[in-house]
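Asker: These are the residues of each chain, in order.
Number of protein chains: 2
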Amino acid sequence: MLKIGQVYSAQKAHRKSVMQAMHGILAQPGQPSDPNDKKGRPSGTDDIGMRSLGPGAPSTEYFPFYAMSLEVGSTNAFATVGKETPASTTAIHAGKHDSSSGLSTYDLAIALQYGQGTGSAQLVKFMSDHVKMVHSPPYRNWKCILSAGTTSAFEIILRMLAKPDDYLLVEKYTYTTVFETGLPLGVKFAQVRTDKDGLMPNDLDDILTNWDETVRGSKKPSLLYTIPTGQNPSGITQPLSRRQEIYRIAQKHNLFIVEDDPYYFIQLGLYKTTSQVTEPPTSVEDYVKTLVPSYLSIDTDGRVLRMDSFSKIIAPGARMGWVTASEQVIERMVRGHEVSVQNPSGFSQIAVFKLLHDSWGHLGFVQWLAHLRGEYTKRRDVLFEACELFLPREICRWVPSTAGFFAWISVDWTKHHKVGLMSSLQVEKEIHSAAIDAGTLVVPGSWFLPDEGKSGMDEVFFRMTYAAASTDDIREAIRRFGAALRRVFHLQSQDSCSAVKSVSN
Amino acid sequence: MLKIGQVYSAQKAHRKSVMQAMHGILAQPGQPSDPNDKKGRPSGTDDIGMRSLGPGAPSTEYFPFYAMSLEVGSTNAFATVGKETPASTTAIHAGKHDSSSGLSTYDLAIALQYGQGTGSAQLVKFMSDHVKMVHSPPYRNWKCILSAGTTSAFEIILRMLAKPDDYLLVEKYTYTTVFETGLPLGVKFAQVRTDKDGLMPNDLDDILTNWDETVRGSKKPSLLYTIPTGQNPSGITQPLSRRQEIYRIAQKHNLFIVEDDPYYFIQLGLYKTTSQVTEPPTSVEDYVKTLVPSYLSIDTDGRVLRMDSFSKIIAPGARMGWVTASEQVIERMVRGHEVSVQNPSGFSQIAVFKLLHDSWGHLGFVQWLAHLRGEYTKRRDVLFEACELFLPREICRWVPSTAGFFAWISVDWTKHHKVGLMSSLQVEKEIHSAAIDAGTLVVPGSWFLPDEGKSGMDEVFFRMTYAAASTDDIREAIRRFGAALRRVFHLQSQDSCSAVKSVSN
Numbered sequence: 001m002l003k004i005g006q007v008y009s010a011q012k013a014h015r016k017s018v019m020q021a022m023h024g025i026l027a028q029p030g031q032p033s034d035p036n037d038k039k040g041r042p043s044g045t046d047d048i049g050m051r052s053l054g055p056g057a058p059s060t061e062y063f064p065f066y067a068m069s070l071e072v073g074s075t076n077a078f079a080t081v082g083k084e085t086p087a088s089t090t091a092i093h094a095g096k097h098d099s100s101s102g103l104s105t106y107d108l109a110i111a112l113q114y115g116q117g118t119g120s121a122q123l124v125k126f127m128s129d130h131v132k133m134v135h136s137p138p139y140r141n142w143k144c145i146l147s148a149g150t151t152s153a154f155e156i157i158l159r160m161l162a163k164p165d166d167y168l169l170v171e172k173y174t175y176t177t178v179f180e181t182g183l184p185l186g187v188k189f190a191q192v193r194t195d196k197d198g199l200m201p202n203d204l205d206d207i208l209t210n211w212d213e214t215v216r217g218s219k220k221p222s223l224l225y226t227i228p229t230g231q232n233p234s235g236i237t238q239p240l241s242r243r244q245e246i247y248r249i250a251q252k253h254n255l256f257i258v259e260d261d262p263y264y265f266i267q268l269g270l271y272k273t274t275s276q277v278t279e280p281p282t283s284v285e286d287y288v289k290t291l292v293p294s295y296l297s298i299d300t301d302g303r304v305l306r307m308d309s310f311s312k313i314i315a316p317g318a319r320m321g322w323v324t325a326s327e328q329v330i331e332r333m334v335r336g337h338e339v340s341v342q343n344p345s346g347f348s349q350i351a352v353f354k355l356l357h358d359s360w361g362h363l364g365f366v367q368w369l370a371h372l373r374g375e376y377t378k379r380r381d382v383l384f385e386a387c388e389l390f391l392p393r394e395i396c397r398w399v400p401s402t403a404g405f406f407a408w409i410s411v412d413w414t415k416h417h418k419v420g421l422m423s424s425l426q427v428e429k430e431i432h433s434a435a436i437d438a439g440t441l442v443v444p445g446s447w448f449l450p451d452e453g454k455s456g457m458d459e460v461f462f463r464m465t466y467a468a469a470s471t472d473d474i475r476e477a478i479r480r481f482g483a484a485l486r487r488v489f490h491l492q493s494q495d496s497c498s499a500v501k502s503v504s505n
Numbered sequence: 001m002l003k004i005g006q007v008y009s010a011q012k013a014h015r016k017s018v019m020q021a022m023h024g025i026l027a028q029p030g031q032p033s034d035p036n037d038k039k040g041r042p043s044g045t046d047d048i049g050m051r052s053l054g055p056g057a058p059s060t061e062y063f064p065f066y067a068m069s070l071e072v073g074s075t076n077a078f079a080t081v082g083k084e085t086p087a088s089t090t091a092i093h094a095g096k097h098d099s100s101s102g103l104s105t106y107d108l109a110i111a112l113q114y115g116q117g118t119g120s121a122q123l124v125k126f127m128s129d130h131v132k133m134v135h136s137p138p139y140r141n142w143k144c145i146l147s148a149g150t151t152s153a154f155e156i157i158l159r160m161l162a163k164p165d166d167y168l169l170v171e172k173y174t175y176t177t178v179f180e181t182g183l184p185l186g187v188k189f190a191q192v193r194t195d196k197d198g199l200m201p202n203d204l205d206d207i208l209t210n211w212d213e214t215v216r217g218s219k220k221p222s223l224l225y226t227i228p229t230g231q232n233p234s235g236i237t238q239p240l241s242r243r244q245e246i247y248r249i250a251q252k253h254n255l256f257i258v259e260d261d262p263y264y265f266i267q268l269g270l271y272k273t274t275s276q277v278t279e280p281p282t283s284v285e286d287y288v289k290t291l292v293p294s295y296l297s298i299d300t301d302g303r304v305l306r307m308d309s310f311s312k313i314i315a316p317g318a319r320m321g322w323v324t325a326s327e328q329v330i331e332r333m334v335r336g337h338e339v340s341v342q343n344p345s346g347f348s349q350i351a352v353f354k355l356l357h358d359s360w361g362h363l364g365f366v367q368w369l370a371h372l373r374g375e376y377t378k379r380r381d382v383l384f385e386a387c388e389l390f391l392p393r394e395i396c397r398w399v400p401s402t403a404g405f406f407a408w409i410s411v412d413w414t415k416h417h418k419v420g421l422m423s424s425l426q427v428e429k430e431i432h433s434a435a436i437d438a439g440t441l442v443v444p445g446s447w448f449l450p451d452e453g454k455s456g457m458d459e460v461f462f463r464m465t466y467a468a469a470s471t472d473d474i475r476e477a478i479r480r481f482g483a484a485l486r487r488v489f490h491l492q493s494q495d496s497c498s499a500v501k502s503v504s505n
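Respectively, the protein sequence lines represent chains A and B. Numbered by my numbering, the letters in the first sequence go through residues 1 to 505 in order. Numbered by my numbering, the letters in the second sequence go through residues 1 to 505 in order.
Accuracy of the hints is not assured; some may be wrong.
Where chains are identical, the list cannot tell them apart; a pair therefore holds if satisfied intra-copy or between any two copies.
For lysine-lysine, the following DSSO-like pairs were computed, each having C-alpha atoms within a straight-line distance of at most 30 Å [claimed, not checked]: (1) Lys188 with Lys429; (2) Lys415 with Lys132; (3) Lys252 with Lys429; (4) Lys163 with Lys219; (5) Lys125 with Lys429; (6) Lys163 with Lys220; (7) Lys143 with Lys125; (8) Lys163 with Lys188; (9) Lys289 with Lys143; (10) Lys429 with Lys163; (11) Lys132 with Lys272; (12) Lys188 with Lys219; (13) Lys289 with Lys220; (14) Lys143 with Lys378; (15) Lys378 with Lys172; (16) Lys272 with Lys220; (17) Lys418 with Lys289.
Everything labelled a hint here was simulated from the structure, so no lab data went into it. Here the structure is a predicted model, which is why all the values come from computation and not from measurement.
Model the full assembly from the supplied sequences, consistent with the hints where possible.
Answerer: Now the structure itself:
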């Protein structure tokens, strides 16, 4: 098993909170928290029962919430889910004392009280079962923890595994929050090149094999961050063979792999091959077979820290996700939670628990994920069809994404008439402004580069998402972007009227 | 206005997230997010309307929650609030699209989408109005931010205002989480002595005036952490005059004051003077006059960072609180949120917003707080009555608390028969173990000392809480604790049977 570095590590005198220490004592057999356990009770204390004046938690009597009801999507009517409330919904309910009255294992009194740094045992159990079914991690002592969202989890992981001036290995272009989170912690970024299958194993190996502490000003990295499925911003999904190669390099150089995988269940069909209606899955196992296996599923060493999120598959406002890793890593994350977020919101936990455990179940959850896959596949197709119609082929290239939320359009900036006088960044900026003037918002590729990578930028990209806009808006946005590109590059303008007509519906 | 130190400060290149940057563009007049604003629109764009393929947020269509209903305490029936659901409750409701249908300013589609680092504008507005009514901060540019709980807020504040090896000034005994959170950040602790009115201004002044960098190994502190009301663990509440003295010392030595005030609304009547029934307040203003003014309310300089929490007054599981400080400090906290928790859970935000804004209003909220004050006053009285009955006066001293959750019992350890052979810590441990053997859980005072303060511990204390145990359990716990003390100190055992009888009801 890998060893953990620093900040929250045992070198620092970790102090137990009163809650923790009290919980330890109260959880002993014979205490009121465990009324049915008769074993191991010290003799003579049978009829005593511990009276606690210890942890300063308020009385649950004084939580002014008595019941919560949620109207949620029904498993038999996912297809009708849309902007309006569908005809068929399911009501789920949580009372304050459902647990003591035997109605449920989880209730408002538990959810709204102080909790454990792992998140509630009930939801951790459900997510652990889910992880077992979907990823089946090939080593024994893995564990799950509920995070307060992946940004929070990532920050705690960085504090745990990276010291100031340490390098984090990242895809050449990556999610901007990685930089924003790393910079205040003093983390630097080492870019790994990518091809159509994502991270390039040879480049990763070269970087690590030839790492020069003197040149880089810091020791050889021990931490790789990757978004393996529907990468942000490139949309690329690493095939299994690529993941296996990268994993072998990680073994060779003893890397931790932070697998940030919010789009794992947004694995879409191949572009233009999905017109056939997909039936909802009838078993979790069968559905899992349709997905590219995760790094976690090939992690024999416990070197993967897998971050899952509810943001793209349930709702971002839940501010909740889950992390799966070795029990040693999870134990440190629990310590990290205790001195920051403590645990995700109890409102979020009980809402998601009631939805997944009480209403949908594991199969229903996967049917929901399959429904989302179908929906985002349609949106993806609309965007790339519009690209084919409206973008000038002379200067634009793209590969239709097979997962996630993003299209990544390459623009040949060297075809700009001022190529000798303008940098790639300047051309990118001109296009971005022209697109805004034309009424389309897209994201410049340079935003996804670390500061140290911007000066040498040799390509111009734009990221576009099909996640939220209507199909009409997607088409219109791409039409405008194409027109803006033609203006900037002095290309003949498209007869947009006829083109628009040809795609109506 | 005070200047902010380091980690999240402008020295670090702060990168804007895609969300932030996009929000800036979308919030410009004439964009779809602002359909009614006709002013300032660039000419020629009137009929265009921006199409956004920018931020990678999922479509709200795919949030599987359509409505939330909560059964909450009714303002006219707080007195019946108890373990069971009271006869009269109020139903509050949030739909997915209440905002676009004009039913509310806040709905599930907003709450469950990605949000802003401040927390939602709707709830920030309500809490800001509350702060204005209760504390009326005496300078212009103060602001509120919703925290993901006070532990999270405190960690972000430490990262913002303390560098490794910096000292934090704290009450001699203080909340253990302060140490747990500070230690991994490399923070050290300088203890300030306290008397019956809390922090001693002379001691604070002495420490700062005579600060010796060479001896202490670090520069003079710039950060004071205090729990001014119902201090944890001592239960002490600083009177206004004491707060004013401390504030003047803070001005003299240019300190930030972190005012951690979760028990502000648990200001109890004086012990044994509250048998008269208190009528619910009829105005916020009148109720506020019954409370000791906060540091925020005397903060002319913007040097106070006030941390409020819903944990003790609504529910800890909401994992939400609010921080009030200068706009410069809040702006930095927003940046801190963006790279960690982002914002509190949308489920928590909408539940609390619907409760406070839609159902209770400002007056109803204060009536609830007055109800809690009455309830905790009764519990406090039960505990100290039991102390009078059961604790051996020969070795125990206490001052009944006038706020918060805690009693702080001093035990004269020098009366132990092995006083020459045992340290204060050893006597404390013997008492703690004897109490557990007798079936009572209390918290040893040494747990509330920083590591550097334990060796010189000259007093033995125990912290007890009346917050959660039933009145019968409180009495029984104190009776057992008294018996344990008598055993440890070889005192004559009390005729406990007659004593118990004398307090039965």
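Asker: None of the hints should be skipped; say for each whether it holds.
Answerer: Each hint, compared with the structure:
When the C-alpha separation of Lys188 and Lys429 is checked against a cutoff of 30 Å, the pair qualifies only within one copy, where the shortest distance is 26 Å, while the shortest distance between copies is 47 Å. Within a single copy, Lys415 and Lys132 get their C-alpha atoms no closer than 51 Å, and across copies no closer than 59 Å, so neither meets the 30 Å cut-off. Taking the closest pair of Cα atoms, Lys252 and Lys429 never come within 30 Å of each other, the shortest separation being 41 Å inside a single copy and 50 Å across copies. When the C-alpha separation of Lys163 and Lys219 is checked against a cutoff of 30 Å, the pair qualifies both within a copy, at 10 Å, and between copies, at 23 Å.
Proximity of Lys125 to Lys429 under the C-alpha cut-off of 30 Å is found in neither arrangement, the shortest distances being 49 Å within a copy and 37 Å between copies. For the identical chains of this complex, Lys163 and Lys220 are neighbours both inside a copy (12 Å) and across copies (26 Å), given an alpha-carbon limit of 30 Å. Proximity of Lys143 and Lys125 under a CA criterion of 30 Å is satisfied intra-copy only: 10 Å inside one chain copy versus 40 Å between copies. In this homomeric assembly, Lys163 and Lys188 come within 30 Å of each other (Cα to Cα) both inside a single copy, at 10 Å, and across copies, at 19 Å.
Taking CA atoms no more than 30 Å apart as the test, Lys289 paired with Lys143 passes inside one copy only; the shortest distance there is 23 Å, against 51 Å between copies. For the identical chains of this complex, Lys429 and Lys163 are neighbours neither inside a copy (35 Å) nor across copies (38 Å), given an alpha-carbon limit of 30 Å. Taking the shortest Cα distances, Lys132 and Lys272 never come within 30 Å of each other, neither inside one copy (33 Å) nor across copies (58 Å). When the C-alpha separation of Lys188 and Lys219 is checked against a cutoff of 30 Å, the pair qualifies both within a copy, at 11 Å, and between copies, at 28 Å.
In this homomeric assembly, Lys289 and Lys220 never come within 30 Å of each other (Cα to Cα): the closest approach is 37 Å inside a single copy and 61 Å across copies. Taking CA atoms no more than 30 Å apart as the test, Lys143 paired with Lys378 passes in neither setting, with 36 Å inside one copy and 44 Å between copies. Taking CA atoms no more than 30 Å apart as the test, Lys378 paired with Lys172 passes inside one copy only; the shortest distance there is 29 Å, against 63 Å between copies. Taking CA atoms no more than 30 Å apart as the test, Lys272 paired with Lys220 passes in neither setting, with 44 Å inside one copy and 67 Å between copies.
Proximity of Lys418 and Lys289 under a CA criterion of 30 Å is satisfied in neither setting, with 51 Å inside one chain copy and 70 Å between copies.
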